[in-house]
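4 protein chains.
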Amino acid sequence: MKSPAEIVRLMLENDAYSNWLGICVQEINEGFCKISLQVNASMLNGFQIAHGGITYALADSCLAFAANSFGNKAVSIDTTISHLKKVSLNDVLTAESELINKGKKVGVYLVHIKNQENERVALFKGHVHFSSEIW
Amino acid sequence: MKSPAEIVRLMLENDAYSNWLGICVQEINEGFCKISLQVNASMLNGFQIAHGGITYALADSCLAFAANSFGNKAVSIDTTISHLKKVSLNDVLTAESELINKGKKVGVYLVHIKNQENERVALFKGHVHFSSEIW
Amino acid sequence: MKSPAEIVRLMLENDAYSNWLGICVQEINEGFCKISLQVNASMLNGFQIAHGGITYALADSCLAFAANSFGNKAVSIDTTISHLKKVSLNDVLTAESELINKGKKVGVYLVHIKNQENERVALFKGHVHFSSEIW
Amino acid sequence: MKSPAEIVRLMLENDAYSNWLGICVQEINEGFCKISLQVNASMLNGFQIAHGGITYALADSCLAFAANSFGNKAVSIDTTISHLKKVSLNDVLTAESELINKGKKVGVYLVHIKNQENERVALFKGHVHFSSEIW
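Residue numbers (the working numbering), protein chains in the order written: chain R, 1008 to 1142; chain W, 1008 to 1142; chain B, 1008 to 1142; chain U, 1008 to 1142.
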């Protein structure tokens, strides 16, 4: 059976979009993930702040890595995100997972997203479905 | 006062991320928006399907354009997305807004996201806050 | 195999809380449910409007009846509700399900809640998990 | 200006539904609330477990008390709840608010709902709108 770190390495290999986002893995443990990215000019919307889709993508990747690191392939069912603070060019966003509940088939996570000043910029909640397929 | 189409044109000008996504505006009316994008190789995750952040970004842009087209600057408060079907390379996704309720300060939208076969790939719900600032 | 109407009758039997709410079944078909209740004095909060929990309970029951009527026992995973309009004493609320997606294990529903003037008072979205247990 | 405890006392006065639920206030501070209830036979659904609307109502009341205790009248905009564990007859549920973000007009809260064994039974997230009206 693969380790959490090996699973995430496999997930990131050939992951073109995470590569484009410049996602850095800070920490991976069984069921836990902490990742970050830096906002560049391509990630800005017309208001010259980060598009909501960038913060969402970071949080959704964090959820995926955390949930898959248990060893079974997992897909997200539904997710919600509350945008709390504007994100600007060059900000460094860090997403950290918090496992709320793990059932046999469904897991619930919060993902906390903060900037380089340790201020919350978004709160994400996601449900995942654990399949029977092993990594 | 600017027309809905002028507002969205202003929003899209200098919007680097929407440009990167290749968002095409299909239809803009007061409070309504329909936009699309085609999934390219840079948008795929390690499973070789579109990253959830791509579908989210399209829906979030659709919400932003629809809500701002009323004439007051609007920001999203909270959004949820349910991913219903896998999205593959070269799929064309279309997002269409449905206004559920418009109060003085808060609006509620559904955004329906379908692929080129007219199959739902995601359902998005968002709340926006209308500011007093005029476009 | 039991019919949708039989399943809902079984669910309502010995359902003390639905009895307390005074839920009336308007229509049941496979995967579909429409139910109503009238707001009484016991359902009001300190502002003398219906407590949000009343509208939620009606929508959640509607989801449960709709999802179980396919024939497999189903439980809700996650639900969201947007409260759009105040609900007053003696208002009659009707909740109607809309099936958005049915997978093997997970289903997604919207539930539309309107008052006697046919005005939306809330929008509810729910995910259900279909078990292998048959009614 | 009224204290948090006075505001919640006012809210609970003439609150017929909270009275029916048997809500007990455990702790009120500025922006914070902890309340509980015990599940009785009238709160059960046809599966002889507590109806989802009961847990929701407790969480929604907790949100309302916490948000209004800042001193401005506050109403909830949208809420989500994840049901994590079955709730049985005679269980004692405690809901505790966690303020995630407070802007001028919008606040975001988590509400953690646990049973008498200190097990999570649900996780609730809510957005409130702070009006300019003072208690």
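In short, the hints are calculated from the structure, not lab data.
Please note that the accuracy of each hint is not assured.
For identical chains, the list gives no copy identity; a pair is met inside one copy or between any two copies.
In silico PhoX-like pairs for lysine-lysine, Cα to Cα no more than 20 Å straight-line [what the hints assert, rightly or not]:
hint: 1; residue 1: Lys1121; residue 2: Lys1041
hint: 2; residue 1: Lys1093; residue 2: Lys1080
hint: 3; residue 1: Lys1112; residue 2: Lys1041
hint: 4; residue 1: Lys1080; residue 2: Lys1112
A quick look at each hint next to the structure:
{"no.": "1", "hint": "Lys1121 <-> Lys1041", "result": "within (11 Å within a copy, 27 Å between copies)"}
{"no.": "2", "hint": "Lys1093 <-> Lys1080", "result": "between (33 Å within a copy, 15 Å between copies)"}
{"no.": "3", "hint": "Lys1112 <-> Lys1041", "result": "neither (23 Å within a copy, 30 Å between copies)"}
{"no.": "4", "hint": "Lys1080 <-> Lys1112", "result": "both (11 Å within a copy, 15 Å between copies)"}
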